[in-house]
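There are 4 protein chains.
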Amino acid sequence: MTEKIVKTAEDLQDLMVHFRREFHEFPELSWTEFRTASRVAINLESMGFKTLVGEEIMCGSLMKNVPPAHELELQMERAKAQGAELPYLDRMKGGKTGVVGILETGKPGPVIAIRFDMDALPIIESDSSKHFPAREGFRSRNEGLMHSCGHDGHTAIGMGVAALLTKIRDELKGTIKLIFQPAEEGVQGGATSIIKMGVVDDADYMLSFHLGMAPLPATLFCETTGFLATTKFDINFIGKSAHSGANPEDGKSALLAAAAATMAMQGIYRHSAGASRISVGVFNSGTASNIVPDRAFLELETRGETTEINDFMKREVYRILEGAARMYDCEVDLRPEVVETGEAISAESDPELVALTKEIAEELDIFDAIEDSVSIGGSEDYTYFMERVQQKGGKALHFSVAADLKAKHHNELFDFSEDVLWKIAALLGVMIVRLK
Amino acid sequence: MTEKIVKTAEDLQDLMVHFRREFHEFPELSWTEFRTASRVAINLESMGFKTLVGEEIMCGSLMKNVPPAHELELQMERAKAQGAELPYLDRMKGGKTGVVGILETGKPGPVIAIRFDMDALPIIESDSSKHFPAREGFRSRNEGLMHSCGHDGHTAIGMGVAALLTKIRDELKGTIKLIFQPAEEGVQGGATSIIKMGVVDDADYMLSFHLGMAPLPATLFCETTGFLATTKFDINFIGKSAHSGANPEDGKSALLAAAAATMAMQGIYRHSAGASRISVGVFNSGTASNIVPDRAFLELETRGETTEINDFMKREVYRILEGAARMYDCEVDLRPEVVETGEAISAESDPELVALTKEIAEELDIFDAIEDSVSIGGSEDYTYFMERVQQKGGKALHFSVAADLKAKHHNELFDFSEDVLWKIAALLGVMIVRLK
Amino acid sequence: MTEKIVKTAEDLQDLMVHFRREFHEFPELSWTEFRTASRVAINLESMGFKTLVGEEIMCGSLMKNVPPAHELELQMERAKAQGAELPYLDRMKGGKTGVVGILETGKPGPVIAIRFDMDALPIIESDSSKHFPAREGFRSRNEGLMHSCGHDGHTAIGMGVAALLTKIRDELKGTIKLIFQPAEEGVQGGATSIIKMGVVDDADYMLSFHLGMAPLPATLFCETTGFLATTKFDINFIGKSAHSGANPEDGKSALLAAAAATMAMQGIYRHSAGASRISVGVFNSGTASNIVPDRAFLELETRGETTEINDFMKREVYRILEGAARMYDCEVDLRPEVVETGEAISAESDPELVALTKEIAEELDIFDAIEDSVSIGGSEDYTYFMERVQQKGGKALHFSVAADLKAKHHNELFDFSEDVLWKIAALLGVMIVRLK
Amino acid sequence: MTEKIVKTAEDLQDLMVHFRREFHEFPELSWTEFRTASRVAINLESMGFKTLVGEEIMCGSLMKNVPPAHELELQMERAKAQGAELPYLDRMKGGKTGVVGILETGKPGPVIAIRFDMDALPIIESDSSKHFPAREGFRSRNEGLMHSCGHDGHTAIGMGVAALLTKIRDELKGTIKLIFQPAEEGVQGGATSIIKMGVVDDADYMLSFHLGMAPLPATLFCETTGFLATTKFDINFIGKSAHSGANPEDGKSALLAAAAATMAMQGIYRHSAGASRISVGVFNSGTASNIVPDRAFLELETRGETTEINDFMKREVYRILEGAARMYDCEVDLRPEVVETGEAISAESDPELVALTKEIAEELDIFDAIEDSVSIGGSEDYTYFMERVQQKGGKALHFSVAADLKAKHHNELFDFSEDVLWKIAALLGVMIVRLK
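Listed in order, the protein sequences are those of chains A, B, C and D.
Residues in the first sequence are numbered from 1 upward in steps of one, following my numbering.
Residues in the second sequence are numbered from 1 upward in steps of one, following my numbering.
Residues in the third sequence are numbered from 1 upward in steps of one, following my numbering.
Residues in the fourth sequence are numbered from 1 upward in steps of one, following my numbering.
Only chain A is shown next, with the shape it has when bound in the complex (with noise of 0.2 Å):
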């Protein structure tokens, strides 16, 4: 049997590798995955899966920063344009693009469901002909999006997972879901909205991974760790504007508040506790040289190992806002003005599954290497769904492996070995089999 999964995976690597480079040349950020998630449904339908999207999965009022009713629009009409699937388009209105896949044995057996991600990131994406995606052509078509993290071939390991399954219907047990969730970047809901819907309530176990991590050739890492607590917050200055050659002495300058706050936040003391993070990535202020600028606007995240250290940096960030507010005689109104968009907590794999992941890796024998574990030092929302899992009494595993990356995540020149594509569905295939 073992042997069967892992000979019909390699055989669906072409067809891994197809999907992988048809949604990496249509990315798609968070909330707008219309195309990718209606071509996983449609796949997922014509292999036999019950299929689930749009409101059957999601639960509106936990998306956060779901753009605008046009913006939305927009970026249906480019899908549609791109080939998207039309009979699904309709259900995903609103942003709600997450796909559920069901396949249910009949036979008694446990619940297990794996989770892929389809978002991509507003990266622009190299065209140097060093770049693998550039040079063999499908580099990404929709300018200043990119598939820099792999989502693209987690979706793509989906596809091929799920018809790895169907060749092998008659072996399985139980019932398998495949969750295809959008918006994991930025923690903005993407997976608690699915939560909230039940879908993982009855899992016995539940599985994910990520690909890339180290620069290292196909390594299984058996389990991931160092999932950082995470906080994001949208925060808006608000000063006066006034020309600034005739009179600046009457302008408060929202952009100089925003500046000193960035310089204070960055530089908020190291946490002798664990590894702590803070972000000013965003930073959007006036409209003209010759107005002093009364609004700001700043997108920025902090990170703990901790939750507790995670809520010292949030300590520090209100103070800093509140001070670089007074410093420049700008209001940050905290409540609402300052907005906490989005939040990860921590989570453990199980170390049962840990172990199974191991002694199938080392049976399996088709890694370049077996590690124990790595550490992320990111953040990830799938924690909430093995947070969910095991006060359920179920069992959840993350689990990663390298891919030969040819530049770090979330850099313009992203790219790793689809080589571990067939790699990785035929491990899931013969943990699926395996799990009682």
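What the hints contain is simulated information worked out from the structure, not anything from laboratory work.
It cannot be assumed that every hint is accurate.
Copies of the same chain are indistinguishable here, so a pair counts whether it falls within one copy or spans any two.
Cut-off 27 Å, straight-line C-alpha distance, at most; resulting in silico cross-link-like pairs (DSSO-like, lysine-lysine) [claimed, not checked]: (1) Lys240 with Lys130; (2) Lys173 with Lys358; (3) Lys167 with Lys130; (4) Lys240 with Lys406; (5) Lys196 with Lys130; (6) Lys358 with Lys196; (7) Lys436 with Lys392; (8) Lys240 with Lys408; (9) Lys240 with Lys4.
Following the hints, put chains B, C and D in place on chain A, whose structure we already have.
Here is chains B, C and D on its own, set in the frame of chain A:
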């Protein structure tokens, strides 16, 4: 004759109020004054002025910061939808929105040029009921744009002066040129692109004015002084993106470089030789809170009471930009990434014209008060007109008229008393008749 | 008579050079001018002036920033070792180093007061061979202190004028008061503490001057303008110390609060109504690199062309200090921790005295050039003398004399051409005789 | 035997308390531990230890940041006045305040070295009645200096161990070296200058410890981990002075350059590979509020969990210093003006010694709790001793003991429970006897 002019101007007040409110309702930014300019042109033509627009009077290579083609097209579409005069739109392609109306009397006499500016600002107009335009129903229909510097009044006065001249045509000698200029805000070439085409090369006299300036009732300041030399910069910092959680140490934050540069530039020492200004008016950087931003864009400007002081400010700006880039390991390619997008010079009115203005104003006795001069503490590209006319042997004047301002220039509550419209038209009318 | 005065002044040039170099060699800071003042006093007395020092002419409660007792004692010891005149030292205890020499002619006539300042600055004097005092062997012997503002020359001229008056005593009328003032630098009460004692209450005329100002040969500026209002602040931030390696997050860095405040204060907007200044001149914080600093001390000053502008600067400073403290969770107890240690006002010379100065200077024809006025762009507590005399019905004047400066004031290479000493003495001598 | 040692240690508690309070009352900074070290030396000698001091055991060229000669002399005078032992003072000239006491048993056995550190910190000790040393009358008599890191306790324990060894001398084998080290704070060469002289080259075992660390009752942490690599910098910015009122534009403010550098260095990105630190601990600049400061001095330090991370921090610091200097047109001559004054490395205890410590502690049962390890999150030059001994084939250990701290290390309220003194002495005593 003088009495007749004053009476005629008074009769034209309703017309000027009408135009002022129309222009106010449809504000347009620099190089996109399609609706305004085409309305000016058709009216000039119908009043019998030889009317020149677009390429006839504008040199494209001196037009700075012109929006990209698709943006111009969008604005043109909007202008059409808002009642622009179609025959003229085509001739204004590429943002060439200047209009010159020429009245040749056929009788020997001086060439007199008068300049009016037409552009609005990127400011959200107040909708408070205390704000007269909001209360009276002529608040900006172009949300985010506003006539908050009084150019709507300037253009309306231009229309009034044109009408006045037609009514006293038989009394006139020589040639009168009414110049309606785009893109005065930010000194982006609105003046120089017209000067280059020789429009004022034959002018014996050149006149212009600004309404507003001081919170006083209709007070004439016979001379505007204190024009500051100025330079505008567009600056791009280029760093390196990275995941702000997973490997922040690999990033080079262009956002932080721009913030540090902003703090330092704002702190350039005052110059003991006279007034200076520094204004960072626009700061845009970053795409998401979890990506170290690899790009940052700043728009800023320096000013100086003399060219030397402005040069000092420029040198400081250049050095600070280099230093900030070094601090954060970013690039700020000073050529061509730092674009000096606009410059203005200093200039002084000819005393004879100042004296004549005072003499006439005292005779008319229509202003609440008459003062010698007011200092603007700002920059004006009209100084280029003054320089050209004076170099060619002509004389130039700039005066100001206070108008019960409700708020300072460039403020969302800016408004002026419309009562000054006919008074300024009357003053200009009498000056035209008196100049030899 | 005029000729005689000029000749006598010329003959006194050697004496004034001698005094200038002696004072230069032994520079003394504010309130510790023990050696200088005692040498002035003994010479005045020996020339027959009624000589008042210490408590007779100084009000202690208006003396700001006086060093602590043990520091005063140290300076007094040094003065003794460097040849101070002992009989006077005792009378100058507590830093009361002012000296007033009074010449009562017994004949009816005006009361004329002339003020000279005596204090030096905390600057390390250059020992370059290009530096005249270094080359000629009269460089500062008090390492770290330097006469780099020309007060050595002022005091030497005072000695010269005293000598001149004794030589023309029979021609004099009325009363002449030569006032040698301590603590001019930093406006710490050197002037007001003397004024308070009524020293100039009966003055019909009050004169003073500054040498230097512009890099020109001996040029007389008949009026000094541009005195700026100013306020000095001593500021303490109080945070919380912590081990910077073991638990930095527990620290509240007063050093960072002070650095952020410094950056923001330096960037206070220019005021459109006239010149302003901000200067953070002293920053002291911290004891060791491995301790988060819990204290930071700043010395700073604001200036304004008018009291209103200086008040604007003060308000900004106060608000920024509060904001910076908030940002870093520190205290900056604005009362009494922020001490306003000094203030000066603006003032203007009486036109009659300016005109008289010009008239005499043209007649004497000893200056290389004569100009109407020069703007100082700085602050002077002499303005308090002017205010008092003018309030009491007298007239006041401040003029300046360029002196081929080798470097700007307050620079380690500051030096002036000694040739102006006798010229200024001659001008003052003739003025005394001419004033009615 | 074990029992006897514990009992003896308990009996020595009064002596150790006496020494602790004596050392606490007379704190001395790095390289000036004249009183402390001479008292240690005379006591070691009187107890029969071969006692080496000064040049015998210290290499001058590795001593960093030694105060200038006149400062050393002042401190030596104070030490004399406060009861230093004269015969030793002379041998400690130049700040060579290390002491080594050697006990040669004459019997074959291992060479065991134990290190104690003696220096205090520049902190003003609290005089609150809540502060035990203040209440009990042994608050620092050297105002501004304080034993706020527990080295007074370390040295007292050293005295106790010496006394203990003399009392069990007959049971001892091999050689025991008690090393009393100066200048541990700020890693200025206190360790390396002794190592260089070969003092521990023959050590089979090297032991040391720190008391405090955590706010717990007497808890033994059998291993101290988390030593951070560190580098200290002394930095000088050199600008150009100018009068801040008259011609600020001619100044180049070293103060502003240092403030901008401070803000930027504090904001160096966290490193994803492990802990890092940055601390600007000292900032001194300027002499008067009316002079643009031409000098600024910073003392700062970086730390890293690994040498690589610390190297990253160093590179950032160097680049930021250059950039800040450029911004303000100042010099920061990186060689030799930026002096790297101290560095420490990372190191790990030998597991056998950790295990032995745990075993003995469990047997003694005198601690309130026993834990495996505690992370220090700081730097220690003891790591150089560890490195040397381990390179030479010996084994090294560092453990920690919590002691009911009243406040964190380096705080003005720092204090520990003296009850741990005899417990640590007992533990060390038993270890000495057990080590083979």
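>> One pair to classify: Lys436 and Lys392, alpha carbons no more than 27 Å apart. Within, between, both, or neither?
In response: within (17 Å within a copy, 55 Å between copies)
> Using 27 Å as the alpha-carbon threshold, which applies to Lys240 and Lys408: within, between, both, or neither?
Replying inline: between (41 Å within a copy, 11 Å between copies)
> Is it within a copy, between copies, both, or neither that the alpha carbon of Lys240 lies no farther than 27 Å from that of Lys406?
Replying inline: Classified as between: cross-chain Cα gap 15 Å, same-chain 47 Å, threshold 27 Å.
> Quick one: Lys240 to Lys130, C-alpha cut-off 27 Å, is that within a copy, between copies, both, or neither?
Replying inline: Classified as between; 18 Å across copies, 48 Å inside a copy.
> Checking Lys196 and Lys130: alpha-carbon separation at most 27 Å within a copy, between copies, both or neither?
Replying inline: For Lys196 and Lys130, the Cα distance exceeds 27 Å both inside one copy (44 Å) and across copies (47 Å).
> When no copy is named, should Lys167 and Lys130 be tagged within, between, both, or neither for a Cα gap of at most 27 Å?
Replying inline: neither (37 Å within a copy, 73 Å between copies)
>> Within a copy, between copies, both or neither: which one fits Lys240 and Lys4 at a CA-CA cutoff of 27 Å?
In response: Neither. Shortest intra-copy (69 Å) and inter-copy (45 Å) distances fail the 27 Å Cα cut-off.
> Is it within, between, both or neither when you check Lys358 against Lys196 at 27 Å Cα-Cα?
Replying inline: Neither: 32 Å inside a chain and 49 Å across chains, both beyond 27 Å.
> Checking Lys173 and Lys358: alpha-carbon separation at most 27 Å within a copy, between copies, both or neither?
Replying inline: Answer is within; shortest intra-copy Cα gap is 22 Å, inter-copy 51 Å.
Against the hints set out earlier in the document, violations occur for numbers 3, 5, 6 and 9.
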